[in-house]
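Colleague: Below are the chains, spelled out letter by letter.
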Amino acid sequence: MAILKPILYILVYPGLIFLMVYSTFCEWFDRKLYARMQNRIGPLHTGRSGILQPVADIIKLFAKEDIVPEKADKGMFTALPVFALAIVCTAALYLPVWHYTEAASFISFPGDLIIVVYLLSLPTLIFFLAGWHSTNYFSAIGGVRVLTMLFGYEIPLLLALLSPAVLAGSWRLVEIAAFYQNHPLLMLVNVIGFFIAVIALQAKLERVPFDIPHAETEIVGGQFTEYSGKKLAFFRLLGDIEMVVGAGLISAVFLGGFPGGLLPGLAWFILKTLFIIFLLSVLRAATSRIRIDQMISFSWRWLAPLGVLQLFIVIIIKGNMS
Amino acid sequence: MIERLVHWSRVKSPWVLHLNAGGGCNGCDIEILAALMPRFDLERFGVQLKGTPRHADVMLCTGAITLQNRDRVLRIYEQVPEPKFVVAAGACAMAGCVYRGSYHTLVGIDQLLPVNAYVPGCPFRPAALIDAVVKLLNSVK
Amino acid sequence: MEYKVSLGPQHPALHEAVSIRMTLDGEVIRDADLKLGYSHRGIEKLAEERSYVQNIYLTERICGICSHSHTTCFTQGVEQLMELVPARRGLYIRTLIAELERVHSHLLWLGVAGQEAGFESFFMYTWRDREVVMDILEWISGNRVHYAMNIFGGVRRDIDELQKKKILDSLGLLKQRTDYYLNLAASEPTFIGRLAGVGMLSKEQAVALCAVGPTLRASGVPMDVRKDDPYAVYAEIPFEVCTADSCDVLGRAVVRVKELIQSYNMIEYLLKNLPEGPFKVKAPRKVKPNEVYSRYEAPRGENVHYIKSNGSDKPERLKVRAPTLANYPATIAMLKSGFIADIPLIFAAIDPCICCAERLVQMDNAYSGESRVLTFSQLRAMANERSTKVNTKKKDIAWPF
Amino acid sequence: MNNEAIIEKINAELKDKVQEAVAAAPRRINVKVDRKHLLAVLTFIKDQFRMSHLATITGVDLGEHFEVIYHLSNDAVTINVRILTPRLEPKIPSVCALIPGAILYERELQDMLGLVVENIPDPRRLLLCDDWPEGQYPLRKDWKFERPAEIIPGGK
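As given, the protein sequences belong to chains B, C, Z and V, one line each in that order.
So for the first sequence, our numbering puts the first residue at 1; every next one is plus one.
So for the second sequence, our numbering puts the first residue at 1001; every next one is plus one.
So for the third sequence, our numbering puts the first residue at 2001; every next one is plus one.
So for the fourth sequence, our numbering puts the first residue at 3001; every next one is plus one.
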């Protein structure tokens, strides 16, 4: 019987099924919001007001012919998307949702914040490998850009995520969330960190203004130029799930997690992640794409110093708090 | 059941690759872009303009094919994955329009590729393009 | 490491098929070469087999965005050959359509520049407002793109009072939207940062390479055919040539938005004092042997038609030179020191109307890059040279971050 | 600088080189020149009247001669410099040294009319497709071509 519970966690609630359904819903939410902000209607005719549009996209891609360029390394070319999807789904397990127990167990232990951040940065390396392996000049240059951008946003993201953990005095996601549930006022201390994390998440997901690697008008499809059919479907799912997991991580650390058992926890999870995805959509609609060197100078001249400032404030407050 | 589901998904999310085959004015290309704009908004039908042939399944060709562009059009046609459709948009793509009899252009897309749908008009109105895309999808077996 | 890459005819940034062959060093473009010839439809050969009236239909389909400019240039040339004085009201309506086409072409360009810079929302907004102008043109001429308004001796259709009133009110909306775009283009940091300092073309280069239109006027040269060689009724309309001297893509955007505002005032002036009387005059079929060189200021630059007649009803020779072809040598000069990310922007800056220039290009295998073997010292020299260049550029960009 | 003043200046300075200069229409001047003096006349016009903008170069097939017209313009007037080359040895000097922007127009002349432009910096083909047969120049009057058979899909 004890086996059933973990299988239930992995497969159903914070696991695959929930993630797939919720991430397609988030993609619809994001596309609809982006379209409405551009005075357009957005997907309308698939399901009620277009809600099944991402589902239709993915099923169609699964049913399409799958072309592998003959110069590409066959094994690696097919393994990469599946591998990336697996990584992001395991990262989702660490979010402090319903199945978290107080006692330290395999799923929640002091230091799982670092694990989640590490798991979220692995897909970026996989994007680079995907770009490199599809032997197309545009995707090679897309892959190289993915790595150069990694150096831009990774450090500020870490700094931003660690400052609330330092204030809460622990690296366990569930304790951080519990700390902020008890002292909601302290959440305001991390406002700067929150915005840095949102901007860095936008860069990690490669959305405008940071969609340099697969900039449509410059290098065609970036690292996904050669991908089609099932592999492309995996990459699109990967993008959605990564958005959900990133938003869940930021809301767990900054907005005080998801109190209550199964149902209230789920309601809080959906509410907070949709709020963060709303912020990402506004950012996507309001800005234009910046160049790779401008992106690096922006993150090192503004995001990193702000992250250090945020850490400094947290240390001062922790000093006179204890 | 799976067959019906796959058919539904193909009808509901046609990704479009816009290919200018050369021998035409860009009136039709601008009308295709106008069809994606807030007023006509093709995204209501799930249509998205894709850059690479790999991602697309409907090939929207405009302009009569020039001799220089001939084998490029063929190569791009082969790059599009299998369940693909070709739409000849505009009078030039249908039958060469005003450039019939020119020494440097073929008379229309169907001289080279099997065409599934024709969109008349020089240039066609965005509404005509939407009507063509929807009719093409419904006729897909 | 040098890469040779071709940005082929099938590329999302280029709505038509044109290709640039570049040797790249990392992200910086060392050398660019335009391979043209894809959209060559042999229009000049076709024109020799058609009568003058059929040629109006042909010259209209040279370009989809500036179709009225080619027909006007052709008809006013043939009217000079026929020594035929067109009806004054016809000339006024012809100039009105010319300015309306300039408005819709510049709005189109603003949207495309926004899309190249990755600013999708700006693209959507400008094109939504462009629909207002397309509706006006449809009221007058019945078709959104090819208006077929010109005939020798005047215009095919008249404008009645109701249409005049409708045009004037929708002009109000357009003016308000253009002011919004003017201060948006001047204030949005990511947009300015993306456009400033890109595609530099100094004044001497622009003049030496015979650039035309907004590309030339953005480098500070006030050359505008409507002022220098006034045709139709431009001699009577009060307007001034808009120039900027920042010599980059941002300057070209500013010149085009200023021209939009000029066009609105011109349209108002034209509508207010539209003369009474007939709007077209009977024209002979045959033309005496003669030749004419007619010029026209298309939205993209100076448009030139050379027509030679031999007494029959078919022209002996029709030479069309569209503005985009004149701007190609300037584009190669601009591409020389840009980044890869700048290519679509620089290319969109001259607002290429490829089919206009009857020239187009192809793409080989994108990965055919043959690279030179570089000694390590060469590599380091190239890296230092590039880093020094990048720093200087950063100072003068108004990029706040 | 209206038309008459320009014409006197041209006749005065370049008496031997210019065969005739006439004002064809308001703001249009035609200057007939011999092939050998082309560069000298162009440099004179470019410096004297600040005519640095070469709009285009037109080639016309007159039967036994080719006429090549250089359209130069500044902010006031347009001067068309015209030269004649016999059909049998169609050689013209290149003006790219004087006006760098003329490169594309000269390549087009080579493609379309088969004129040979001496010391042109970039003699590659501009317009026609790569597999275009040599020696075929579409804009010549005597050039005929047969239209390819049309394939009617559906086999009727």
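Heads up, some of the hints might be wrong.
[Stated by the list, open to error] Okay, the calculated bits of chain Z under chain V, using three or more residues with CB under 8 angstroms as the criterion: (1) 2064-2073; (2) 2081-2090; (3) 2168-2174; (4) 2204-2211; (5) 2245-2255; (6) 2305-2317.
[Stated by the list, open to error] No more than 27 angstroms apart at the CA atoms, straight line, and that leaves these computed lysine-lysine pairs for DSSO-like: (7) K3046(V) with K2045(Z); (8) K3017(V) with K2045(Z); (9) K2227(Z) with K2045(Z); (10) K3141(V) with K3091(V); (11) K2308(Z) with K3036(V); (12) K3036(V) with K3141(V); (13) K3017(V) with K2308(Z); (14) K2314(Z) with K3141(V); (15) K3091(V) with K2227(Z); (16) K3046(V) with K2308(Z); (17) K71(B) with K1084(C).
The hints are simulated quantities; they were obtained by calculation from the structure and are not laboratory data.
Just so it is clear, CB atoms sit at the ideal spot from N, CA and C, and this is done for glycine as well.
Colleague: The structure should be examined with respect to each hint, and the outcome stated for every one.
Modeller: Status of the hints after comparison with the structure:
For the segment 2064-2073 of chain Z, the proposed coverage by chain V is not satisfied: 0 residues have a C-beta within less than 8 angstroms of a C-beta in that chain, short of the threshold of three. Only residues whose C-beta sits within less than 8 angstroms of a C-beta in chain V count toward coverage, and the segment 2081-2090 of chain Z has 0 of them, not enough to reach three; the restraint is violated. Counting residues of the segment 2168-2174 of chain Z whose C-beta sits closer than 8 angstroms to any C-beta of chain V gives 0, which falls short of three, so the coverage hint is violated. Residues of the segment 2204-2211 of chain Z lying with their CB closer than 8 angstroms to a CB of chain V number 5, which satisfies the three-residue condition for coverage.
Under a criterion of three residues with beta carbons nearer than 8 angstroms to beta carbons of chain V, the stated coverage of the segment 2245-2255 of chain Z fails, only 0 such residues being counted. For the segment 2305-2317 of chain Z, the proposed coverage by chain V is satisfied: 4 residues have a C-beta within less than 8 angstroms of a C-beta in that chain, meeting the threshold of three. As the CA atoms of K3046(V) and K2045(Z) are separated by approximately 32 angstroms, the hinted pair breaks the 27 angstroms bound. Between the alpha carbons of K3017(V) and K2045(Z) the distance comes to roughly 34 angstroms, so the proposed pair goes past 27 angstroms and is violated.
Between K2227(Z) and K2045(Z), the direct Cα distance comes to roughly 32 angstroms. Violation of the 27 angstroms bound is thereby established for this hinted pair. Of the supplied pair hints, the one linking K3141(V) and K3091(V) holds, its CA atoms being roughly 19 angstroms apart against a limit of 27 angstroms. Only pairs whose Cα atoms come within 27 angstroms are accepted, and K2308(Z) paired with K3036(V) is accepted, the gap being roughly 25 angstroms. For the given pair, K3036(V) sits about 26 angstroms from K3141(V) by alpha-carbon distance, which is consistent with the 27 angstroms threshold.
Under the criterion of a C-alpha separation no larger than 27 angstroms, the hint pairing K3017(V) with K2308(Z) is consistent with the structure, at around 26 angstroms. Distance hint between K2314(Z) and K3141(V) is fulfilled; the C-alpha atoms sit about 14 angstroms from each other, no more than 27 angstroms. As the CA atoms of K3091(V) and K2227(Z) are separated by approximately 37 angstroms, the hinted pair breaks the 27 angstroms bound. The hinted pair formed by K3046(V) and K2308(Z) meets the criterion: a straight-line CA distance of about 26 angstroms does not exceed 27 angstroms.
Between the alpha carbons of K71(B) and K1084(C) the distance comes to roughly 24 angstroms, so the proposed pair stays at or under 27 angstroms and holds.
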